[in-house]
Amino acid sequence: MTQSTQKVNLLGMGMASMERFFMEELGEKRFRATQVLKWIHQRGVDNFDDMTDVSVALREKLKTCAEIVAPEVTFKKYSKDGTRKWVMKMPGGSAVETVFIPEDDRGTLCVSSQIGCALDCSFCSTGKQGFNRDLSAAEIIGQLWVAARSWDEPGKKRERHVTNVVMMGMGEPLLNYDNVVEAMNLMMEDNAYGLSKRRVTVSTSGVVPRIYDLAEVTDVSMALSLHAPNDALRNELVPINKRYGIDETLAAVNAYFARLPDKRVVTIEYTLMNQINDKEEHAHELAQVLKSTPCKINLIPFNPFPNSGYERPSNNRIHRFKDILQQAGYNVTIRKTRGDDIDAACGQLVGQVVDKTRRSVKFIEAVELGHTAATVANRRSDRSS
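Counting in the numbering used here, the sequence shown runs from 282 upward without gaps.
I should point out that these hints are in silico values taken from the structure, not numbers from a laboratory. It should be emphasised that the depicted structure is a prediction, and the values quoted were computed from it without experimental measurement. One or more of the hints may lead you astray.
[To be verified] Think about it this way: if two alpha-carbon atoms lie no more than 27 Å apart in a straight line, the pair counts; the simulated DSS-like pairs of lysine-lysine are:
id: 1; residue 1: Lys-288; residue 2: Lys-370
id: 2; residue 1: Lys-572; residue 2: Lys-478
id: 3; residue 1: Lys-370; residue 2: Lys-319
id: 4; residue 1: Lys-319; residue 2: Lys-288
id: 5; residue 1: Lys-288; residue 2: Lys-310
id: 6; residue 1: Lys-617; residue 2: Lys-572
id: 7; residue 1: Lys-523; residue 2: Lys-577
id: 8; residue 1: Lys-319; residue 2: Lys-344
id: 9; residue 1: Lys-603; residue 2: Lys-572
id: 10; residue 1: Lys-544; residue 2: Lys-478
Working from the sequences, and respecting the hints, build out all of it.
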């Protein structure tokens, strides 16, 4: 369905925005916003005529000025291990990928925040595709809407299959700050998806100014994509480190968690690449650099993709790395490789990205001036080998 330029898409509106729309634009009572929000997100309805407890007059009024438009699913595939992947087409022709990962006690949805990514991490398939644009709040929450609806009949009360959401799909969430915050608020809204703040996680490679900003507006959980124990190596793997080094990044993360009312720790994401960052000295160095940061460490064996230049370490190397960190007192897990038979494993998300980011600029400087990634959609062309 093609979204009309004359109508407001209600899908991406949080409770506050929805109330303003109904009260100020439509002259309706506040509770109408709650009714419609529940129909959209708790029952998966995108047709006003199906909202049976909303008056006919209001339904007709809504048809003239509003719509509920989710991303178009152009491809979906379910893995033998229960993983599900959707490719969703966005206006302009590009696409993003969204992945559902089932586990024994939960179902985690990995949501994209941008079409492509401007950060150019050397081991990430998404980064190699370049950057196109930020996703709107409706396009972000629409991925959860599509996933939740995939099990259920629209209009009926649904069983909760998605219990956790991680903003770890395509893109750097904190470079699409406003839209990501709006979408995460909807995920936690009781009248929408009602997810706990502990079950919504924003992942960042270290956009330091936005980490401080985030602490002012939300208390979701956080994961830091670290991937190296020192600045020299991280500069090669995660180029944003050239602007915000490890010490500065960890200081921002520590400040974020210090403001939370409950005791939580940051998840350190560390992708292990054979003979690159998986040596015993790297494990010892990582243990040292994280000593002042309350955290748990998630080790991610590298998922190969064509022409990446990296390899997955042997199981012996992976477990030796884990053992060293555990002996140093850390809570360490090894992420299971899920969905690799449908190219849905971590680091494999690609979509169909139109590369508009080949010119080299200092894009992070624009973030400090309050711009989004869309204003700085240029990308390093001098990739480290």
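Going down the list of hints, with the structure as the test:
{"no.": "1", "hint": "Lys-288 - Lys-370", "result": "holds (20 Å)"}
{"no.": "2", "hint": "Lys-572 - Lys-478", "result": "holds (25 Å)"}
{"no.": "3", "hint": "Lys-370 - Lys-319", "result": "holds (25 Å)"}
{"no.": "4", "hint": "Lys-319 - Lys-288", "result": "holds (20 Å)"}
{"no.": "5", "hint": "Lys-288 - Lys-310", "result": "holds (20 Å)"}
{"no.": "6", "hint": "Lys-617 - Lys-572", "result": "holds (26 Å)"}
{"no.": "7", "hint": "Lys-523 - Lys-577", "result": "holds (25 Å)"}
{"no.": "8", "hint": "Lys-319 - Lys-344", "result": "holds (18 Å)"}
{"no.": "9", "hint": "Lys-603 - Lys-572", "result": "holds (16 Å)"}
{"no.": "10", "hint": "Lys-544 - Lys-478", "result": "holds (12 Å)"}
Against the hints set out earlier in the document, no violation occurs for any number.
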